[in-house]
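Asker: Here is what each chain is made of, one letter per residue.
4 protein chains.
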Amino acid sequence: KNKGRLLIKCPDQPGIVSAMSLFLKQNGANIIESNQFTTDHEGGTFFIRMEFECPDLQEKGQRLENQFREIAESFSMDWEIHFLHDVKKTAIFVSKELHCLRELLLEWQSGDLMTDVVVVISNHEECRGIVESFNIPFYYIPANKDIRKEVEAKQLQLLEDYEVDLIVLARYMQILTPEFVAAHKAQIINIHHSFLPAFIGANPHKRAFERGVKLIGATAHYVTNDLDEGPIIEQDIIRVNHRDNVEDLKKKGRSVERSVLARGVKWALEDRIIVYENKTIVL
Amino acid sequence: KNKGRLLIKCPDQPGIVSAMSLFLKQNGANIIESNQFTTDHEGGTFFIRMEFECPDLQEKGQRLENQFREIAESFSMDWEIHFLHDVKKTAIFVSKELHCLRELLLEWQSGDLMTDVVVVISNHEECRGIVESFNIPFYYIPANKDIRKEVEAKQLQLLEDYEVDLIVLARYMQILTPEFVAAHKAQIINIHHSFLPAFIGANPHKRAFERGVKLIGATAHYVTNDLDEGPIIEQDIIRVNHRDNVEDLKKKGRSVERSVLARGVKWALEDRIIVYENKTIVL
Amino acid sequence: KNKGRLLIKCPDQPGIVSAMSLFLKQNGANIIESNQFTTDHEGGTFFIRMEFECPDLQEKGQRLENQFREIAESFSMDWEIHFLHDVKKTAIFVSKELHCLRELLLEWQSGDLMTDVVVVISNHEECRGIVESFNIPFYYIPANKDIRKEVEAKQLQLLEDYEVDLIVLARYMQILTPEFVAAHKAQIINIHHSFLPAFIGANPHKRAFERGVKLIGATAHYVTNDLDEGPIIEQDIIRVNHRDNVEDLKKKGRSVERSVLARGVKWALEDRIIVYENKTIVL
Amino acid sequence: KNKGRLLIKCPDQPGIVSAMSLFLKQNGANIIESNQFTTDHEGGTFFIRMEFECPDLQEKGQRLENQFREIAESFSMDWEIHFLHDVKKTAIFVSKELHCLRELLLEWQSGDLMTDVVVVISNHEECRGIVESFNIPFYYIPANKDIRKEVEAKQLQLLEDYEVDLIVLARYMQILTPEFVAAHKAQIINIHHSFLPAFIGANPHKRAFERGVKLIGATAHYVTNDLDEGPIIEQDIIRVNHRDNVEDLKKKGRSVERSVLARGVKWALEDRIIVYENKTIVL
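Protein chains in written order, with my numbering: chain A, 255 to 537; chain B, 255 to 537; chain C, 255 to 537; chain D, 255 to 537.
To be clear, the hints were calculated from the coordinates, so they are not data collected in a lab. Wrong hints could be hidden among the right ones.
Note: identical chains are not told apart, hence a pair may lie in one copy or across any two.
Stated by the list, open to error - Listed next, the in silico BS3-like pairs over lysine-lysine satisfying Cα-Cα at most 25 Å (straight line):
1. Lys504 to Lys257
2. Lys506 to Lys520
3. Lys439 to Lys506
4. Lys533 to Lys505
5. Lys255 to Lys504
6. Lys255 to Lys506
7. Lys403 to Lys439
8. Lys505 to Lys342
I would like the entire structure built from these sequences, with the hints used as guidance.
Answerer: Structure below.
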């Protein structure tokens, strides 16, 4: 597990990769994956994700981080360093529809999601059985518009208690207030059951049926204060036809929702996503 | 070529298939493909497409049509009968982007589109060479907002002269007036370079880029008086990512536009499409 | 639940659909879905699947079946009639890899597989927990080449006790003897973890890695006496690249295996599959 | 056009990226795309493709190349450097089926293939019209088993005359001798009309039909002396069903063949492909 990841965003200029790779080499680290992107070759913004392996990283991590600060400053970098021995802690929010929760738990159990699922929170009791069968703490917090403030207070307390790094809204059907979104450091990933920006908002499958589309989709995105307007992480679609009624669209949609969300969460856990101008760069 | 097709829409009730198949049998015809659909099993609307083979159909066609009228009336059918010896006549409208035109001409040349392409009309000269190399009459009719009326008058005259059954807008970038849409019996199929209802209207690729979507699409639809709101025939998408700028989206979009349009046109020529409540039933 | 399905195979001739639809009409049944196929329009074989709705079908079913025999004989039909009130009974065989089993159980729990899963049999204990959490009887029958005879005797007894109609091999890693395949009336569906006929036999992912393919697949097929040579029901693929080692191929393969198997089983339960010349016709 | 590309294969060790990026920086070049891959993090082989921009590259190119030699030797690199001002020269071989040729010419005309198509060679006359309409020299060289030697001598002469860098077999239905494959420095890309390793050899669509597969594919691969056994560059599939006869499979196959070949050729022209152990690494 002697692995780490550097994520960088800075103004493009010659010498960035050179400085970073020299730094890693001097610290005995070997680059095992490196992906970069520049918005524009003249005056653009530069992004890079470097994954490296380094003996005794657990001991040397803090020192590496301190030393890198100097390079970061000289290139005016926004930067993050992640060590794989610091396993991320994830909370899952869910309501009555359980297919996304199930997919995440199965992927996690198969070792495909490198995280600790530390807590599941729901405004319904439906998922208690499945969650507890995975030995994950489950909290039932009934919710509605009128008690939103208290509900979010309880949720924020749990996020703090469990030191959550990532919140996944796995078909959680309550709107989060801007205060909630702002209050906690955790990133929040939502799955919307349409191909955004088509069918923003409620009842996308009903509206897709009425419009007679031939494909329906799903979108994993970061949550911001604008409903369904956050940076898109991943999307996919499934083919439908005139035989499918609204109920059929929901069924078909489930399979694409769960795989899109699972991919988005996986990339977030692998520190592959940089947000830039309300879009995502997935490296 | 002794083949025909029956397309039916009527209130659902027992006995429709029985009556139709008995009628065909009594006329010596053999059903070679049959697809049906009912909106609702109680009080719904019934749709069927039957393709049949019948010796000496060219001689017997008119009689068949007359005889079927009685059945049609007893079931209150909206109906059409098509004979494959009456080859449909198609007109293609195009502007500067030629990928859809090229795809249609290549598919047609390979024998995959059963039609006569009788005329190509453009508001630009770019495609003259390719069109004339296929020995298809080409008409250059410059167009803009201010002379729309005269332009459409010329176009309508050509449609009449060439007895056009189907108009394909293969990236024709002029808006058609309601008068034009109403004036001619021909069906009009358009290709829109987005996954409708996302990015209705102009510059869909620019807006897709700005929103940061991970898929772009194309939509073949019938033209009605509401821009981009007509019944959707076919849609498809292609994956994009943060590396793709607007120009890249246009390039990637072309491959999906041309295949979506080609499929939609093919189904129309095969009499597979029934319009119902601003949607298509593709049988 | 007043629904039934007719599945027919017979020499093509005019009048089949007519006779069938007249028969259904006279018995007060309404055709709700009908799909047909002919191998060749001259001297070919004709196939049809008709789904119908008929009031009081539970009472009238036997009479319908008897009456249809006459029509069946006059057209030399191979035929089956199924009533939806006779729910099919399914047995699942599994070894150590549980992704296909999980998918089937989740789909079944969501109401997407119309069957009773009456028993799960495994040569390992891994799945006991999950199976019993669904309240399905679980039997652990250790197996190896040397005791194949006794093992299959036990399995056949269970199939008989539970009156099994359909056996699903959900990554069951033991070979079934021809005697077993012949002994029981149940259809047997297997999932093979390659895109047949590529990589028939053992270790397909290892061989796919060595060949450097860019796609890996999965195949659901009926089991016959020739290993991996039975009629193919459904196939699908997933994209891989040079970064994927054998372990990665296995992981990626799982998602396509489970969805391909689920689709194949669903079609079998909906009586959509007719086997003909070692191929399947899916209507 | 001040762009260049470095392609490297060498034993993995720390410091490679650092040395390369320092070298480019010192020469005033800016890395604009960089993709790397290591077969194994201990004792593995390292691959990298770096695309860079450098003012006055046309003048400085030769010097850069000479200077890089030192670095290359110190890391025991297999390496190539390409300058975008040296446009690659491509020859296309074709027989009677023209869909792949057409796709390549259209993509090339749209500016999506950065090459000069310097010559088209065919053993049939079918494509003369289309080739000459693009103002490309066309050579008709009839071929069969008995005159293979003379035919290949003529072809080799043309390849030399036109200084060809890349040969594309766009459904060229003659087998090339090992002597031909060895004789010329050009890389040879072939399109096989099946999903290799399924249906190696002749008549893949007929055999796919007989096996009853539900997907058919296409494979772009480098040509080696073993028929259809060369390194696979790209593959894709298209869905088929029981209604498709051999002729239908051929038609459906065409659309996937042409897009798979076009992608493979594009990657080769962009210097993205490194061959390693009879596989391709596409960076």
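Asker: All hints, please: hold or fail.
Answerer: Taking the hints in turn, this is what the structure says about them:
Only between protomers do Lys504 and Lys257 lie at most 25 Å apart by alpha-carbon distance; the minimum there is 23 Å, versus 41 Å within a single protomer. Taking the closest pair of Cα atoms, Lys506 and Lys520 come within 25 Å of each other both inside a single copy (22 Å) and across two copies (13 Å). Proximity of Lys439 and Lys506 under a CA criterion of 25 Å is satisfied in neither setting, with 34 Å inside one chain copy and 32 Å between copies. Within a single copy, Lys533 and Lys505 get their C-alpha atoms only as close as 29 Å, which misses the 25 Å cut-off; across copies the closest is 21 Å, which meets it.
In this homomeric assembly, Lys255 and Lys504 come within 25 Å of each other (Cα to Cα) only across copies, at 22 Å, whereas the closest approach inside a single copy is 41 Å. In this homomeric assembly, Lys255 and Lys506 come within 25 Å of each other (Cα to Cα) only across copies, at 23 Å, whereas the closest approach inside a single copy is 39 Å. Within a single copy, Lys403 and Lys439 get their C-alpha atoms as close as 19 Å, which meets the 25 Å cut-off; across copies the closest is 60 Å, which misses it. With identical chains, the CA atoms of Lys505 and Lys342 are at most 25 Å apart between copies only, with a shortest distance of 22 Å across copies and 32 Å within one.
When held up to the earlier numbered hints, the structure conflicts with hint 3 and nothing else.
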